[in-house]
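From first to last, the protein sequence lines are chains R and B.
The first sequence begins at 410 in the numbering used here and counts up by one.
The second sequence begins at 26 in the numbering used here and counts up by one.
Heads up, a few of these hints could be off.
What the hints assert, rightly or not - These stretches of chain R come out as covered by chain B in the derived footprint (C-beta under 8 Å, 3 or more residues): (1) 411-423; (2) 439-446; (3) 496-502.
Unchecked claim - The following label-pair restraints were derived from C-beta to C-beta distances: (4) R:Q446 x B:A231: 38 to 48 Å; (5) B:I113 x R:A456: 25 to 35 Å; (6) R:K472 x B:H126: 49 to 59 Å; (7) R:Q446 x B:S198: 48 to 58 Å; (8) B:R127 x R:V462: 31 to 41 Å; (9) B:I113 x R:V462: 13 to 23 Å; (10) B:E167 x R:Q446: 51 to 61 Å; (11) B:S93 x R:Q446: 17 to 27 Å; (12) R:W428 x B:S93: 15 to 25 Å; (13) R:W428 x B:I113: 31 to 41 Å.
Unchecked claim - Residues of chain B clear of chain R, computed beta-carbon distances all greater than 12 Å: (14) Q32; (15) A61; (16) K65; (17) F131; (18) C134; (19) F223; (20) V227; (21) I250; (22) V264; (23) V267.
Derived from the structure by calculation, the hints contain no laboratory data.
As the structure is a prediction and not an experimental result, all values here were calculated from the model.
All residues carry an ideal CB built from backbone N, CA and C; glycine is no exception.
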Amino acid sequence: MNINLTLVGQALSFSIFVWFCMKYVWPPITAALSERQKKIADGLAAAERGNQVQEQAEQEVAKLLDEARNQAAEIVASAQKRSGEIVDEARTTARSEGERLIVAARAEIEQELEKAKAALRAQVGELVVAGATRVVAREINADAHNDVIQELAAKI
Amino acid sequence: MASGETQTASEYIQHHLTNLTFGLHPENGLSFAHGAAEAKDMGFMAIHVDSMFWAILLGSIFCWVFYSAAQRASAGVPSGLQNFVEMIVEFVDNSVRDAFHRENVFVACLALTIFVWVFLMNLMDLVPVDFLPELAMALGIEYQKVVPTTDVNVTLGMSLSVFLLIIYTSIKSKGFGGFVGELTLQPFGKWFIPFNFFLEFVGLVAKPISLALRLFGNLYAGELIFILIALLPWFIQPVLSVPWAIFHILVIVLQAFIFMTLTIVYLSMAEESH
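Bound conformation, chain B alone (with noise of 0.2 Å):
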């Protein structure tokens, strides 16, 4: 709680939790948000700087570190940063193999970029919750949000784009007949064509909203955690928030893991007829 004496807990809380919004507002015209009422006010026609600079940030960061491996990869003995890579991609490979029973290139680089990509955003969580806000507000940045992972809007962008995936998946495997067809024949027969339409839709859609908000969900809970321990004494806050830590790490990869693994049944059941 470094930023003022005059700021209240919920304004310290409040100042956390908000994205540093880029839009349309009705009054100011095109703008940065001062407080999160304008940026309500912006409505869809905006976008959260903070967010998609960490997102684009650590996604180039995962895509520099494996380019990097790729191109010094060899058959030779592998050593340091390429036998690490390697071992991520085996791994992600053999997540792919076992759901596809077969090599499936799309898919697992989906996955490795999932897996990856969603863990750096995770790990921003364990950057001290003050360190990049107060930086932001020397450099005059009002808000920051560091964690893209916290933005609802970032998990659904990946979900959505799963479930398209996942939809066209579909039809490309059963055609737009077997699709239709999976949403309304089943499980009760073309007699309650309606009914078995509502079970499977919620069904289908309950995919990316789940994905989405299992992933925002724990990580925002994490970092509000966080937000709140940092707002205890100083000399407590070491012992909370180092267990806190230690046990997000633990939250963070698995946060990744059950996005990817998710991601690769999803497909596959997608293209499997049932």
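This is chain R alone, in the form it adopts within the complex (with noise of 0.2 Å):
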């Protein structure tokens, strides 16, 4: 168990080595770690956002849901006013169109009544004529008495 040169041997090579250890093994070594440190904590922390993400996403959704259902309710009530106010148009122009129609039935019929009234004036005319010819042929002559036929014949 000699003390000797083997001791700075020893002192030696276990500096070069720590050296070595210092230079080429520590810092890759210790450099990875914190790197993948840093992206686990990265991948965590981007997990939270995504899930914060989502959360947003499905409030959005449920208010987009309303507000389409909103829409959609108010669209129906607006069809059916508008279905009501057609309903109520068509009623009003039918009524005024049948209005229309029956004032042109009466005018009609008031034309033919005249028209009638005319032919019979004239036939009338005639008649009482042919009539008091035969009565009067016996008594007057018809050329005589023809205003008074006139008149009677215009009172129809």
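Join the two chains into one complex using the hints; note that each chain is given alone, in its own frame.
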């Protein structure tokens, strides 16, 4: 158990190994470790963010659905209103059209009546004249009483 | 006990506990020592070739394994070797952070090197005691002590490096005056400077000595017991060596861990003022 130069040799090789370790072993390994740590932390943060985004999206979807439902209800309501209006309009139009038709028909009837009356008037004059001629043939001349007959015929 | 019938038990043990020493012998000049006595004669100017060889080989294995893992290190999913290396690195990093309350790359690298290197050197203890010496014998190498940490030079070499770092860190963080003051002005104030210095100096020097001798003692004792078991009849050997080896797995990890932890603690103590 002699103390000799081995001691110095051991101290020397010790310092060389420590130097080697400091230069080539420690930095890459710890760098990789901390990088991995960062990566994991980033991944966890990203997952957290993803969850938040999903929650937000769900809320958005719920909001949109609500809006759509409201809009649909509005559309239905306005359509119902509009249809009521259309029906009302149609009813008014029909009524006025009917009235117009009635008026027209009445005017036509009036005209026909007028025409018939005129025809009748012409015939009645003749008939009365013919009758009167026959009656008066025995007593009076037709020409002498024509104005009276005309007056009578106008009263029809 | 495979190396020859003529060898006695004490010769066998002696052989196993002698390092392969190369150095300047007063009579033979620059040569390998033949036996413990010649190695002793060489004094300080000698080197344990086997200890250095195994220590540097194992240290290089440590560097190579960790370097190849570091080359492949990425932020993706780690696998196999990378996972294992990262586990050790994180373990060491956490120990350093706990002691320093911040990142300290130098101390972390120091601790990592100590932990893995000492563990690997201790691990040589689990290689059956005769394998490598017999192999060396066959190659014409007279002595071979394969567990570097059973060589007190190796453990002292590391602990004295740590000791220098303790002093350097102390002076760097507290100034030379602060360092001297810590050695002389406590625990009893300025009227007891010699007494204070005696107490504190013993405390300071005890750190590297205890660090080195704890590791050396544990591994030396463990190796000795393996050698003693190897002296027993072959049919008893497994009964004893297997439980001892299993127990030793705990010891080698524990000693590497203790060396690392104490280094971290000493350096963090040196950095903060009391």
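These are the hints, each one checked on the structure:
1. 411-423: holds (count 12)
2. 439-446: holds (count 6)
3. 496-502: violated (count 0)
4. R:Q446 x B:A231: 38 to 48 Å: About 40 Å separates the Cβ atoms of Q446 of chain R and A231 of chain B, which means 38 to 48 Å holds.
5. B:I113 x R:A456: 25 to 35 Å: holds, 31 Å
6. R:K472 x B:H126: 49 to 59 Å: holds, 52 Å
7. R:Q446 x B:S198: 48 to 58 Å: Roughly 30 Å apart at Cβ, these two residues miss the hinted range, so it is violated.
8. B:R127 x R:V462: 31 to 41 Å: holds, 38 Å
9. B:I113 x R:V462: 13 to 23 Å: Because 41 Å falls outside the window, the suggested range is violated.
10. B:E167 x R:Q446: 51 to 61 Å: holds, 54 Å
11. B:S93 x R:Q446: 17 to 27 Å: holds, 23 Å
12. R:W428 x B:S93: 15 to 25 Å: The hinted range 15 to 25 Å holds for W428 of chain R and S93 of chain B, with Cβ atoms some 18 Å apart.
13. R:W428 x B:I113: 31 to 41 Å: violated, 19 Å
14. Q32: holds, 21 Å
15. A61: With a cut-off of 12 Å, A61 of chain B comes too close to chain R, as the shortest Cβ separation is near 9 Å.
16. K65: violated, 6 Å
17. F131: violated, 7 Å
18. C134: Since the minimum Cβ distance to chain R is about 4 Å, C134 of chain B lies within 12 Å and the statement is violated.
19. F223: Nearest chain R Cβ is 25 Å from F223 of chain B, so the label holds.
20. V227: holds, 20 Å
21. I250: holds, 18 Å
22. V264: V264 of chain B is indeed farther than 12 Å from all Cβ atoms of chain R, at 31 Å.
23. V267: holds, 29 Å
Consistency with the previously given hints fails for numbers 3, 7, 9, 13, 15, 16, 17, 18, ordered from lowest to highest.
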